[in-house]
Each structure stands twice: as C-alpha cells, then as structure tokens.
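K.L.:
Required output: the full structure, derived from the provided sequences and hints.
Letter by letter, the chains look like this.
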Amino acid sequence: MEELQFDVTVIGAGPAGLAASLTADKAGAKTLLIERETRPGGILKQCIHDGFGLVRFGEKLSGPEYAARFIDRLPNSDVTVWTLSFVSAIQREQDDSILTVITREGIRRIRTHALIFATGCRERTSRQIGVHGRHCAGVFTAGTAQYYTNILGELPTKRCVILGSGDIGLIMARRLTLEGAQVVGVYEAKPTPSGLTRNVSQCLWDFEIPLHTSKTVTRVFGDARLTAVEIASVDPCMCPIAGTEEIIPCDALILSVGLIPENELAESIGVPLDSKTKGAVVDERNETLLRGVFACGNALHVNDLVDYVSESGEIAGAAAASKEKKCRGLVPVECDQSLLYIVPQRISRNAEMQERVFFFRSAKDMDNAMLTITKGGNLLFSKRFSHLRPPEMERLPVLLTPEQLFGNEPLRFHLEELDHE
Amino acid sequence: MNDNGNTNQAKEIICIVCPNGCRISCTKAADGIHCSGQKCKRGEAYATAELTHPMRTLTTSVRTIFPDSPVVSVRTAGEIDKSKLMDVSKALGKVLVKTRIHTGDVVAENICGTGVNVICTSDRLMHQQ
Numbered sequence: 001m002e003e004l005q006f007d008v009t010v011i012g013a014g015p016a017g018l019a020a021s022l023t024a025d026k027a028g029a030k031t032l033l034i035e036r037e038t039r040p041g042g043i044l045k046q047c048i049h050d051g052f053g054l055v056r057f058g059e060k061l062s063g064p065e066y067a068a069r070f071i072d073r074l075p076n077s078d079v080t081v082w083t084l085s086f087v088s089a090i091q092r093e094q095d096d097s098i099l100t101v102i103t104r105e106g107i108r109r110i111r112t113h114a115l116i117f118a119t120g121c122r123e124r125t126s127r128q129i130g131v132h133g134r135h136c137a138g139v140f141t142a143g144t145a146q147y148y149t150n151i152l153g154e155l156p157t158k159r160c161v162i163l164g165s166g167d168i169g170l171i172m173a174r175r176l177t178l179e180g181a182q183v184v185g186v187y188e189a190k191p192t193p194s195g196l197t198r199n200v201s202q203c204l205w206d207f208e209i210p211l212h213t214s215k216t217v218t219r220v221f222g223d224a225r226l227t228a229v230e231i232a233s234v235d236p237c238m239c240p241i242a243g244t245e246e247i248i249p250c251d252a253l254i255l256s257v258g259l260i261p262e263n264e265l266a267e268s269i270g271v272p273l274d275s276k277t278k279g280a281v282v283d284e285r286n287e288t289l290l291r292g293v294f295a296c297g298n299a300l301h302v303n304d305l306v307d308y309v310s311e312s313g314e315i316a317g318a319a320a321a322s323k324e325k326k327c328r329g330l331v332p333v334e335c336d337q338s339l340l341y342i343v344p345q346r347i348s349r350n351a352e353m354q355e356r357v358f359f360f361r362s363a364k365d366m367d368n369a370m371l372t373i374t375k376g377g378n379l380l381f382s383k384r385f386s387h388l389r390p391p392e393m394e395r396l397p398v399l400l401t402p403e404q405l406f407g408n409e410p411l412r413f414h415l416e417e418l419d420h421e
Numbered sequence: 001m002n003d004n005g006n007t008n009q010a011k012e013i014i015c016i017v018c019p020n021g022c023r024i025s026c027t028k029a030a031d032g033i034h035c036s037g038q039k040c041k042r043g044e045a046y047a048t049a050e051l052t053h054p055m056r057t058l059t060t061s062v063r064t065i066f067p068d069s070p071v072v073s074v075r076t077a078g079e080i081d082k083s084k085l086m087d088v089s090k091a092l093g094k095v096l097v098k099t100r101i102h103t104g105d106v107v108a109e110n111i112c113g114t115g116v117n118v119i120c121t122s123d124r125l126m127h128q129q
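One line per chain: the protein sequences are A and B, in this order.
1 is the number of the first residue of the first sequence in the numbering used here; add one for each residue after it.
1 is the number of the first residue of the second sequence in the numbering used here; add one for each residue after it.
To be clear, the hints were calculated from the coordinates, so they are not data collected in a lab.
There's no promise every hint is true.
Unchecked claim - Simulated DEER-style distance windows between Cβ atoms:
id	chain 1	residue 1	chain 2	residue 2	range
1	B	Glu79	A	Glu394	52 to 60 Å
2	A	Gly258	B	Pro54	27 to 35 Å
3	B	Glu79	A	Asn76	42 to 50 Å
4	B	Met55	A	Asn76	51 to 59 Å
5	A	Pro210	B	Ser25	22 to 30 Å
6	A	Asp419	B	Thr52	37 to 45 Å
7	B	Pro54	A	Gln354	39 to 47 Å
Claimed, not checked - Distance condition first, Cα-Cα at most 30 Å in a straight line; then the derived DSS-like pairs of lysine-lysine:
id	chain 1	residue 1	chain 2	residue 2
8	A	Lys60	B	Lys82
9	A	Lys30	A	Lys383
10	B	Lys94	A	Lys60
Said to hold, decoys possible - A partial selection of chain A residues facing chain B, derived with a Cβ cut-off under 10 Å:
id	residue
11	Thr38
12	Ile43
13	Lys45
14	Val55
15	Phe57
16	Leu61
17	Asn150
18	Ile247
C-beta: ideal position from N, C-alpha, C; glycine also.
P.N.:
Take a look at the structure:
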C-alpha cells in the first residue's frame, strides 16, 4: 500500500486538535488532521450555550462560534483535513508512527514524524457507576441528552432526574427546562457540587431547579422505558443509608457523573498514562514519554475551560513541528494527596523557556491555602490562594531556572490551608 | 435556594461574568448597594444588576426545514430580563428557519418586545453535508 508522509498528524478535530494542527502548520510542518465525524469542532458543535472564549477572546461565545474561530482558519492554511476518517491501528518505527486510517476512499497508510493525540474525553456511563435495576430505555448521559436536543432537535425526556452535578449535567438541566421538560432535581452523591459554581448559579438557581447533595440513585424501574428511580441519602463513605429511600416517577435518568480522557489508541502503542489524570504523562511541551508522540486537550486531562484546551493544543502543535530533538533531561513532578493531580508530570531540565505552566486541582475545598513547590528539601516557589475548589482547575505559570532543576529529585507540589488571619 | 429575600442582610451573589466565579457579598445601604469579594469592576456591576434588574443572555435552538440540520443554535444578541427567559424560549419554538443562514443572521427581531434580536450562532447550515 502507498504510504503518505506527514511531519505532524493530529487525531481529533475538536478544539485541541484544531489548535494543534493550525499551530504546527504555521510553524511550517506538513500537517494532517484526522476527524471521524462529518464536521470538525468536536463536542463544541453541540455546546450551544455561551461562556466559551472569555479567557482567550474576552468574549462570551457559544461552542459553535468558538470552534468557528479555528475552523475558519483551515481554508487559509496548508493543513490537510480528513473528515469521516478513523484511525484503526498505529505502529511505531523508531520515532516515527505508522497509522492505518479508514477513509471514504478506502484504507490509507500514513507515516508521520510526530503524532498528536487530541482524542478528547468520554462520559462515564451507568455501567461505570453501577446503577441497579432493569435495562430499560431512558438512562443516558448528559452529553447524549445534549446531542438529541441541540443537534437532532428531539427532546429526549418530559420529566427527568439528573444524577451527578458535573457541568454538562447543570447545563442540560437548564437546557431541558427551557425546552419545556421538567427537571425534578439534580442529585449529587458527594457533599458538594462537582460543577463550576457559576453553572450551579445560572443553570439551577435561575430556574429554581433543586440540587440535592449527599443523595444518589439506588435503583431504576421500568420495562421498555424508565418509569421511576429510587433515591437514597448516602453517608460520608457514599454508601446508601437504609430507610431514606424515596421513589421518583420520571421517564429519564440523565447521568453527569464524570469524564475520562480517551486514550485507547495511545495505550495501544504503550504511551504511559498517569493514574490520577487518566491521560498521558507529558512534559511541559506536551510530549509523552514516547519521543515524537504528544497529547493535548481533554485527552491529556479533563479541563473546565476550552480556552486552556486550545492553549494545550497550541503547545503540542508547536513542539511537534519543531525539528530539534535534544535530550530532554526529564525531572519528575509529583504531588501529595492535597492535590488531585498536577500536569505536566515531567519538566525538561534542558528547555529553553524558564517559564513552565502547571495545571492542578486541589483535593478538597480550601480557603486561604498555600501552594509550595520543593525539590530535595529546597523551597522553589510558593503562592497563596484565597479559594480553591476541586471543580475549578488552576493555571499556574512558574519561573524555574536550570540551577533550581539540577539533580534528579522530583519537584513536589503541596497545598496547606493557612490559619485564618 | 440563594434567595433569602431579606434585603437588609448581606446577600451572597455568585458572579457569572467570568470563570473566576467570585462570591460577592452585597449589602443594601441608603446610598446604594455595597459589594465586596469581587476581583473586578464587572463583578460589582453584575451584583448590583442582580439585586435590581437581573439580566441574562438566552442561548437555545430553533427549527429548520433542512434534514441535515433539523435545528440551528441561536442566542439573544444582548441580555434580556431574566424573568422573560421562558417566554422568549417558548416564542422561539414557533420560529422555522427556511434559508441557509449563517452566524450573526437575525432569526427574530425584538423578541417578545424586549428590544433585543435573536441571532444565529452557528455556520452549520452553510456547510451542507
């Protein structure tokens, strides 16, 4: 089979992949962008609410409008775009990657120097949270409800219960209400909501939709279609408390119970993943531990702002286009249990830029917290935060000199709540 | 849930202007509303508006005659009275788009007498599949 050659190949044309391919192209790399759907834009196509692009463009855009800012640049670039194309296998040859791609014209083989995974994330489903009861229709994810409502124009429920308070669930509570459905309530097993505070405010409070924390769905009822769910309070270990059950009649149970980076293809070639983020282990240029393989966007870690997803794509795109391949001299970056995770998980001692941008989430709600970065007992950096919440990701630029990064001890991130006043 | 209705006491408003989501504490005094906790001036303006005349941008979809895109996304070109959200959404349920419009095109003028137009927010219909 004929082998096509590219400098950079990007898998996934959502916000991360669009930014990555445009940046690689601008840097002079021969770039291919592969998308399995009909149109580029990824999940933004169905995110018709606004609030996208505040950090990047200083405007409140809808998802399609934000995506268009990048899609509209494609015709004036040299990026080769393949839609309705699916990567079925990847092999490695030295530092090159060989891709088998199923396209409308048949099967194609691609040789690429750099490969960027921009494969996004997937929603957790009822299988992954173990809801008991009948296998009836009417149990689906918030993203599915969003696809039905905003793309197909079909209202998937008349009266529903939403389990989980992730952002998509909150957005869909408002969306379904506006379309005339009744949202009985949003139920969250944890004691605090998982979504952004501003979404709780503008999606639930604005429409008087109740939010019940420390409650979960324990059973579903219905034969062909869901007819009711059983709700119970849970204890601090998230175990249902006997005697607190109540039955709520509804025709749909909508799940917003978390997102997991999609890395099936990355794992097939042995890209090491971080058990905390479920995304690849990367350095500050978003290069994985395999040379020439990069990851960005929600495939790397689940972001709450698309602006940072685009930034992450641009970092990967620029690095993938660069011909230079010197020894990285990787220093491990670690965090203790006070943080949910830290990205990147490595930094290069030999990087030209001294500024590194870290992303992290605190493990719990904290007021007046002090973040410290130490290496071998030396304090390299500290910063105070007035509020930290796990649903709200922090972006932290830090200047680190080569002298500070000398030696193989890991950089350690730690958070501590300071006494009030 | 966050409505305590008691205007003399401090009321906490969560700013929705930007992703910071500042918790703004507001108290009503003789010389107006006093705000604290916001990181910028937009927060103060938002909190003040929230206590006097809350406004929102509505984002929703309208039907089209095109099978490849049975609905297209729209939003109000400016903010409308929060209390009008449901009315406007209902009114837009009657709109049917018959031409392949693009981003920024007006779908409905002066919707429900708000003085605000409703505009298309997607080029979906331009890229026929």
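K.L.:
For each hint, tell me whether it holds in the structure or not.
P.N.:
Verification of the hints:
| no. | hint | in the structure |
| --- | --- | --- |
| 1 | B:Glu79 - A:Glu394: 52 to 60 Å | violated, 29 Å |
| 2 | A:Gly258 - B:Pro54: 27 to 35 Å | holds, 31 Å |
| 3 | B:Glu79 - A:Asn76: 42 to 50 Å | violated, 34 Å |
| 4 | B:Met55 - A:Asn76: 51 to 59 Å | violated, 37 Å |
| 5 | A:Pro210 - B:Ser25: 22 to 30 Å | holds, 24 Å |
| 6 | A:Asp419 - B:Thr52: 37 to 45 Å | holds, 38 Å |
| 7 | B:Pro54 - A:Gln354: 39 to 47 Å | holds, 46 Å |
| 8 | A:Lys60 - B:Lys82 | holds, 17 Å |
| 9 | A:Lys30 - A:Lys383 | violated, 41 Å |
| 10 | B:Lys94 - A:Lys60 | holds, 26 Å |
| 11 | Thr38 | holds, 5 Å |
| 12 | Ile43 | violated, 14 Å |
| 13 | Lys45 | holds, 8 Å |
| 14 | Val55 | holds, 7 Å |
| 15 | Phe57 | violated, 12 Å |
| 16 | Leu61 | holds, 8 Å |
| 17 | Asn150 | holds, 6 Å |
| 18 | Ile247 | violated, 24 Å |
Comparing the model with each numbered hint stated earlier shows that hints 1, 3, 4, 9, 12, 15, 18 do not hold.
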